[in-house]
Amino acid sequence: MRGASTRGLRRAALLGCLLPALCWAQNAAELVRRAIDAGRTLDYDGVFVYQRESALDAMRLIHRGSGGTETERLVSLSGPAREVLRDGSRVTCTFADDKAVMVEKRQPRDLLTFGLSGAIEDLASEYEFRLGHTDRVAGRSTRVVQIQPKTRDRYGYRLWIDDATQLLLKSVVLDRDGRPLEQVEFAQIAIGGPISDQMLEPEVNGVDFTWYTNEAAPPETAAPSEDAGDGWQVSWLPPGFEMHREQTQHMATSRQPVRHFVYSDGLATVSVFIEKLQESAAPLQGYSSLGAVNAFSRVADDYQITVVGEVPQSTVRQIAAAVANRRAE
Amino acid sequence: MQHAEEQFSALVDDESELPPAPLVDVLLEDDAARRRWSRHHLIGEVLRDREAIIDLGLADRIRAAIDAEPALLAPTALPPRAAPPAGRARRPWAVAAALAAIGFTGLMLALRAPAPPPAELPLAAARAPEAASTPGLASAAVAAPGASAEPQFVRWDDTGIPSTADPRSVEFHRRLNSYLVNFNEQRSNLGVPGVHPYVRIVGFEGEDEP
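Protein chains in written order, with my numbering: chain A, 13 to 341; chain B, 1103 to 1312.
Derived from the structure by calculation, the hints contain no laboratory data. Check each hint, because a few of them may be wrong.
Residues from chain A that keep clear of chain B, each with C-beta distances beyond 10 Å, as calculated [said to hold, decoys possible]:
no.	residue
1	Leu143
2	His145
3	Asp189
4	Met211
A short, non-exhaustive set of chain A residues, derived as facing chain B with CB atoms under 10 Å [unchecked claim]:
no.	residue
5	Val274
6	Val282
7	Ser283
8	Leu296
9	Ser300
10	Val320
Note that CB positions come from ideal geometry on N, CA and C, so glycine has one too.
Construct the entire structure; sequences and hints are all you get.
Printed below as a string of structure tokens:
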């Protein structure tokens, strides 16, 4: 009887220890979800620094999300004068250094359904979410969320989320040893203030620039062909990764149809590209990387296979090795 | 200078098919030209690749529009902007470039300093043993056996620019850029927290710039 009582006490003590930790993890994941929503729906105007490897750039981001549609203007503050203006139906890129403006139609995004691609419970099975310390970013009080992968086949994240608005003010992608790969940090930001139409007008009027647009173009007539990579599949992915998109598209360089699979575990994204090798094209094989993004290419059955993802080198390589043609089996 | 500009645009547009190596040498002989080369590719890749992501068939429509009317496609929905002079018209491919330089430069750097493959999957070494034993080649970028009778190696010069000796290496690079741009936009569409998709585009500076 006494032993049973002791075991009960121990269980209660264990639960007492675990439950707050579980709640904190849940709170941390929920906070990340709110941060993504806030980034889409709030109005804000801020200056941030983007750092990767040895590169450092300052930019201004003006965003209007109230009203159900997003409009934003991204302006370079260092280096060549460039701007990107996005609204519900169009992206306008202005490149003063090239004296070029590019206008492109885009697909409107529903803000209400946009957010983390996986459920919090699913994310929690692959990542450990922890609420960290408080910190100041851009003069504002933030809470740090640490997202640690449970396996070494993906990267971690550290996010600084504004206490008052849940807007993401700083983010770092961390490698498997906790070293930063990429970082974005606001230095100054005004949240909730009115964003006028004038603030979203490009500074450069582009009068003397060359303009390009796809808005008056005729409808697409292309159709997938036999060489579009049909029959290929990915037989292995790290745990938690699910397919989010499968499509055939045309690549710019070869005009050859390319099969494109998109996978995500809710945080990390991996793309698998498969295309028929052309005699005029140099086959790709090996690694490439940019900041937190890695790629691995190989050739199989005269098809070029390339895996690109915000995951470690060994992971993109393993996925590439698992791409096989069902018809050849 | 104007002639050089046209040649440059034509080179990026693939209008000149595979240009002779001396022409490429001239066009890419200095830092400014190389930067412009990167930017042209960057804009092009974004212009061309986003169609795939949002599935609007942009590239095909632009191609069709070019065939129908090679002159400038002036914007119609932005009245405050004056239409550019006809003389400045270039094919979208030329401007377009690669906002993908995100990939262009990064890939070059990676190819100059490849990481060793993981021990558990010695796939690259098994498929391309020539890479390790051929001096001056980037072991991270080698041709796959079976693609042709003689494996074709992608060569890079000291600055990481694809060698002009093999024009196919330029295409090699552009293809990687296409993949990388597509990936970035998909990542953005999935709502993953982190880097804004256009930050890399606006912030791009070639690593070989002074």
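Verification of the hints:
no. : hint   : verdict
1   : Leu143 : 15 Å, holds
2   : His145 : 19 Å, holds
3   : Asp189 : 14 Å, holds
4   : Met211 : 16 Å, holds
5   : Val274 : 5 Å, holds
6   : Val282 : 8 Å, holds
7   : Ser283 : 4 Å, holds
8   : Leu296 : 6 Å, holds
9   : Ser300 : 4 Å, holds
10  : Val320 : 4 Å, holds
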